[in-house]
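K.L.:
Sequence:
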Amino acid sequence: ASRMPTSPHHSAPLDFGSVRVRLPLAMPGQRIGLLGGSFNPAHEGHVRLSQFALKRLGLSRLWWLVSPGNPLKSHAELAKQAARIAAARRMAADRRIVVTGFEADLPTAYTAATLGFLQRRYPATRFVWLMGADSLASLDRWRHWRTILETMPVAVIDRPGWRLRGLSSKAAARFADRFVPEDCAALLPGMPPPAWTFLTIPLSPHSSTIVRRAGRAKA
Numbered sequence: 022a023s024r025m026p027t028s029p030h031h032s033a034p035l036d037f038g039s040v041r042v043r044l045p046l047a048m049p050g051q052r053i054g055l056l057g058g059s060f061n062p063a064h065e066g067h068v069r070l071s072q073f074a075l076k077r078l079g080l081s082r083l084w085w086l087v088s089p090g091n092p093l094k095s096h097a098e099l100a101k102q103a104a105r106i107a108a109a110r111r112m113a114a115d116r117r118i119v120v121t122g123f124e125a126d127l128p129t130a131y132t133a134a135t136l137g138f139l140q141r142r143y144p145a146t147r148f149v150w151l152m153g154a155d156s157l158a159s160l161d162r163w164r165h166w167r168t169i170l171e172t173m174p175v176a177v178i179d180r181p182g183w184r185l186r187g188l189s190s191k192a193a194a195r196f197a198d199r200f201v202p203e204d205c206a207a208l209l210p211g212m213p214p215p216a217w218t219f220l221t222i223p224l225s226p227h228s229s230t231i232v233r234r235a236g237r238a239k240a
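With positions in the sequence shown counted from 1, the corresponding number in this note's numbering is that position plus 21.
Please keep in mind that the hints were generated in silico from the structure rather than gathered at the bench. Hints may be right or wrong, so weigh each one.
As the list claims (entries may be wrong) - Below, in silico cross-link-like pairs of lysine to aspartate or glutamate (DMTMM-like), each with a Cα-Cα straight-line distance of 25 Å or less:
1. Lys101 - Asp115
2. Lys101 - Glu65
3. Lys191 - Asp161
4. Lys76 - Asp204
5. Lys191 - Asp204
6. Lys76 - Asp115
7. Lys191 - Glu171
8. Lys76 - Asp126
9. Lys191 - Asp179
10. Lys76 - Glu65
11. Lys76 - Asp179
12. Lys76 - Glu203
13. Lys101 - Asp126
14. Lys191 - Glu203
15. Lys191 - Asp155
16. Lys76 - Asp161
What the hints assert, rightly or not - Okay, the calculated beta carbon distance ranges per label pair:
17. Phe73 - Arg111: 17 to 27 Å
18. Lys101 - Phe200: 36 to 46 Å
19. Pro49 - Leu208: 13 to 23 Å
20. Ile222 - Ala114: 17 to 27 Å
21. Ala100 - Met48: 11 to 21 Å
Note that the Cβ used here is the ideal one computed from N, Cα and C, for glycine as well.
Could you put together the complete structure from these sequences and hints?
P.N.:
Quick look at the structure:
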């Protein structure tokens, strides 16, 4: 058996086939949100979104999954993962936010595989996958997108200009009968998948693209 650390900010080595994967600690019954992305770079908008989700979904922890790279996006301006993780940890001052880059150690970085892996490793933990409304709008382009919604509950976060496109998307229509009203969002972590909700958050003008451009302008 793997040795489990005493702090959620440390990780324990776990086996995944022939690969050693280091994961944050997750306890049985714990409610943990998962926010994946390139975090290129992490910014105040990520923090605000995370704190909002922690409160609305009744989560005890929220993991930032800093990906090796989005298969659907160009990597031309993508910083090294280690640098993005370090910057994300500096930005995430809230101790409930745990930054991890374990996807780099998995055989595939596709979201469906990541979520399935976590469910197998921590079957008694109540995970919720978080995604933006922009991701919901294009979710049917993701590999095994139906499996994502069938693996764990999903909370969709509003993004400027994406609400209508997200809610009218192919994925939203496919799982319309499993929609959870926003005023019941705190129940989502305990629901069997598929189950999803749409959270209306005070919209933030921050984006990683804008932050990168601002950084270049100052240079």
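K.L.:
With reference to the structure, classify each hint as holding or not holding.
P.N.:
Evaluated hints:
A C-alpha spacing of about 24 Å is found between lysine 101 and aspartate 115, which places the hinted pair at or below 25 Å, so the restraint holds. A threshold of 25 Å between alpha carbons decides the hint, and for lysine 101 with glutamate 65 the separation of about 20 Å falls inside it, so the pair holds. About 6 Å separates the Cα atoms of lysine 191 and aspartate 161, which keeps this hinted pair within 25 Å; it holds. Restraint check: the Cα-Cα separation between lysine 76 and aspartate 204 comes to about 13 Å, which is no more than 25 Å; the hinted pair holds.
A distance of roughly 24 Å separates the Cα atoms of lysine 191 and aspartate 204; the hinted pair therefore holds under the 25 Å criterion. At most 25 Å may separate the alpha-carbon atoms for a hinted pair to count; lysine 76 and aspartate 115 meet this at roughly 13 Å. Pair hint lysine 191 plus glutamate 171 holds up; C-alpha atoms about 15 Å apart against a cutoff of 25 Å. In summary, the hint linking lysine 76 to aspartate 126 is not supported, as the alpha carbons are separated by about 31 Å, beyond the 25 Å threshold.
Taking the CA atoms of lysine 191 and aspartate 179, the gap is about 17 Å. The hint holds against a cut of 25 Å. Restraint check: the Cα-Cα separation between lysine 76 and glutamate 65 comes to about 17 Å, which is no more than 25 Å; the hinted pair holds. Pair hint lysine 76 plus aspartate 179 holds up; C-alpha atoms about 16 Å apart against a cutoff of 25 Å. Taken as a hint, the lysine 76 and glutamate 203 pair is honoured in the structure, with Cα atoms around 13 Å apart against an allowance of 25 Å.
A C-alpha spacing of about 15 Å is found between lysine 101 and aspartate 126, which places the hinted pair at or below 25 Å, so the restraint holds. A hinted pair counts as satisfied when its Cα atoms are at most 25 Å apart, and lysine 191 with glutamate 203 qualifies at roughly 20 Å. For the suggested pair lysine 191 and aspartate 155, the alpha carbons sit about 13 Å apart, so the restraint of at most 25 Å is met. Note on lysine 76 and aspartate 161: the hinted pairing is violated, with a Cα-Cα distance of about 29 Å set against a maximum of 25 Å.
At roughly 20 Å, the beta carbons of phenylalanine 73 and arginine 111 sit within the given window of 17 to 27 Å. Between lysine 101 and phenylalanine 200 the beta carbon distance is about 39 Å. The supplied range of 36 to 46 Å therefore holds. Checked against the given bound of 13 to 23 Å, the beta carbons of proline 49 and leucine 208, roughly 19 Å apart, stay inside it. About 19 Å separates the C-beta atoms of isoleucine 222 and alanine 114, a value consistent with the hinted range of 17 to 27 Å.
In this structure the hint that alanine 100 and methionine 48 lie 11 to 21 Å apart at CB is violated, the actual value being about 32 Å.
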